[in-house]
Amino acid sequence: MTDTLNGAQITIRLLERQGIRTVTGIPGGAILPIYDALGQSSIIHHVLARHEQGAGFMAQGMARASGQTAVCLASSGPGATNLLTAIADAKLDSIPLVAITGQVPKAMIGTDAFQEVDTYGLSIPITKHNFLVSSADELLEVIPRAFELAASGRPGPVLVDIPKDVQLQVIDIEEWPTPGRRQSPPEPDGWALSEAAAMINAAKRPILYLGGGVVHSGASGEAIRLAEKAGLPTVMTLMGLGAMPVDHALSLGMLGMHAARYTNLALDECDLLIAVGARFDDRATGKVAAFCPQAKIIHIDIDPAELDKIKTAHIGITADVSAALLRLIPAVAENRRAQWLQRIADLKSEYPLVMPEQDNPLSHFGLIRTVAACLDDEATIATDVGQHQMWVAQAYPLRRPRQWLTSGGLGTMGFGVPAAIGAALAEPERTVVCFTGDGSILMNIQELVTAAEEGANVKIVLMNNATLGLVHQQQTLFYGERLFASQFKSTPDFIKVAQGFGIAAVDLDQAANPCAALMEAINRPGPYLIHASIDAEQKVYPMVPPGAANRDMIGA
Amino acid sequence: MNAINRHEQNALSRAVLEIDVNNHPGVMSHVVGLFSRRAYNVEGILCLPLDDGSRSRIWLLVNEDQRLPQMMKQVDKLEDAIGIRRHNADHAVFQNLENFFRG
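Chains A and B supply the protein sequences, listed in that same order. So that you can map any letter, position 372 of the first sequence is 372 in the numbering used here, and since no number is skipped, the others follow by simple counting. So the mapping is simple: the numbering used here equals the position in the second sequence, first residue as 1, plus 556.
Each hint should be verified, as a subset may be incorrect.
What the hints assert, rightly or not - To give an idea of the chain A side of the interface with chain B (calculated C-beta under 7 Å), a few residues:
| id | residue |
| --- | --- |
| 1 | Ile124 |
| 2 | Pro125 |
| 3 | His129 |
| 4 | Ala305 |
| 5 | Lys309 |
What the hints assert, rightly or not - If you anchor each label on the Cβ, the simulated ranges turn out as follows:
| id | chain 1 | residue 1 | chain 2 | residue 2 | range |
| --- | --- | --- | --- | --- | --- |
| 6 | A | Gly190 | B | Gly639 | 21 to 29 Å |
| 7 | B | Arg594 | A | Pro356 | 38 to 46 Å |
| 8 | B | Ser585 | A | Ser349 | 50 to 58 Å |
| 9 | A | Asp308 | B | Gly589 | 20 to 28 Å |
| 10 | A | Pro186 | B | His580 | 24 to 32 Å |
| 11 | B | Arg593 | A | Arg524 | 41 to 49 Å |
These are computed hints drawn from the structure, not numbers from a lab. In this text the structure is predicted, and so the values were computed from the model without any measurement. Just so it is clear, CB atoms sit at the ideal spot from N, CA and C, and this is done for glycine as well.
Whenever a hint applies, use it, and build me the whole structure from the sequences.
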């Protein structure tokens, strides 16, 4: 049977066929044909963001929580440029996203037409791949391909720019293409795997180093089994948190700039580092030459360009980490490693992570621990970017892959609220908590009204110190205490702001019983803003000074 | 890095990269963008379509640099790059072009 449809209708039909049920976005002139077609879809729910960056981060929240490719829409010009930060963020954290932007009609491209910008050119360095579609026919190939690319290999964002005349071009469709799916990666090299197993068996002081790739690959079960069988103490990157429960006997928590001292000191002593789905980011390694100086390195990653990029691996394996770990587990020997694990236990007791005032819900660590006590592992935890993010990474008992949504590589303030809304849209049965700061929340505060409109089950915990906390911290520690542009002279009344956007709010500073008020807010369905003042002098400790070796930590 | 003079430029050892790509607008931007965003200068470019025109071959003359293996991996990751091969600087493709490059 032949369908006669225009490019916009084809695009929406292809999204439906991909299994897309929720999209985020904001309409505008150059994407109105697509919105017209979207309005006729009975299958796809459109979530109207209040800023395109919010739409991009909501789609990211959906993708991060579910592992499925998510879609956001924007018009040409400012619509597209507003999306760019969310796309760049998805690139650095390897999040599968398909961004569809409207473009001025083909005949007007290059004329500086109204709301024309070179979206294709702008998005080259921040996408995994991008397309400028030149005919309605091409959509039948490009849209499934965009989904295939976003989800295959190392996931990432793909942008599809569609000129308005292509959206309006009517064609006959004889046959619909197969939806784009993740392509199976090649099998890992068996020889390299057996070499890796031999190195693990021969090592005296090995450490397993898990990155975000373990979460993306769904390999946390395999990673834990490998660690347990071979007796491997395990560190996680910021993106890898949740891959192994932090209270697992072998877990050393997060490594790097704000790790516990025992974590970085253990890495300093290790003789074999097994990097799995990790990319030796500078926040994880500190000064690279001094990172795990005694260690041989096994590096397993799906992206061959990550092997030998920062550190040369003794064994480099290009593979889906799940497949590689499945083959590695039977090849390694059972090993209790009593001596090394005793050394780890000694380091833990000698150099613990200091978390004062855990019982005081009005202190930074206490607030995080109290929120955790109100929830189980089914809750999803999002953060914005700053001191609060690092404190949550240090203190929240993350136990489940995809429980933790944070902007790692790009470190984008403003990520938290829209990403949390996206997570709540994707998994409405879960409670989503967004820890944020007074600096970050203002960067996408407009999405509070989207949360209200959607009734998203998002609890925003606002840790307000009236400063840009990490800037304040760095100026205090490394710029001679010359505080400049890091303290807000004027701060909004966030309770009124939230209420003005249609969201319930509570101020823990004023609550007679902060714990009870917190519990009540978290247990009430729908969006809620929970405000608490935080001492601006509190630092994220310990800390590796920028450029220093991880062993040289300062504070606490 | 940008301050080295022509004499020093000539003294650096070179490599020639041969890259087969899909032929459509934007592919050249993808390829050279990988170099420009790393402040890695491309000294010479030649590009012509192959056979039926659905593919092109790009020849790049670049300075030897410790980043070159990583650059080649990044090029190889491009969706529109079909293959990349590395040759020595004495490869014939950039020879006998002097007549077109007299100041």
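We went through each hint and held it up to the structure:
Taking 7 Å as the C-beta contact cut-off toward chain B, the hint placing Ile124 of chain A at the interface holds, the least distance being around 5 Å. For Pro125 of chain A, the interface hint holds, the least distance from its beta-carbon to any beta-carbon of chain B being 6 Å, beneath 7 Å. Residue-level restraint check for His129 of chain A holds (minimum Cβ-Cβ distance to chain B is 4 Å; threshold 7 Å). At its closest, the beta carbon of Ala305 of chain A sits 4 Å from a beta carbon of chain B; the interface hint therefore holds under the 7 Å criterion.
Taking 7 Å as the C-beta contact cut-off toward chain B, the hint placing Lys309 of chain A at the interface holds, the least distance being around 6 Å. Under the hint 21 to 29 Å, the C-beta atoms of Gly190 of chain A and Gly639 of chain B, about 25 Å apart, fit the expected range. Take Arg594 of chain B and Pro356 of chain A: their Cβ atoms lie about 44 Å apart, and the range 38 to 46 Å holds. With their beta carbons about 56 Å apart, Ser585 of chain B and Ser349 of chain A fall inside the hinted range of 50 to 58 Å.
Distance hint check for Asp308 of chain A and Gly589 of chain B: the Cβ-Cβ separation is about 22 Å, which falls inside the suggested range of 20 to 28 Å. Checked against the hint of 24 to 32 Å, the C-beta distance between Pro186 of chain A and His580 of chain B comes to roughly 27 Å, which is consistent with it. At roughly 48 Å, the beta carbons of Arg593 of chain B and Arg524 of chain A sit within the given window of 41 to 49 Å.
Checked against the numbered hints given earlier, this structure breaks none of them.
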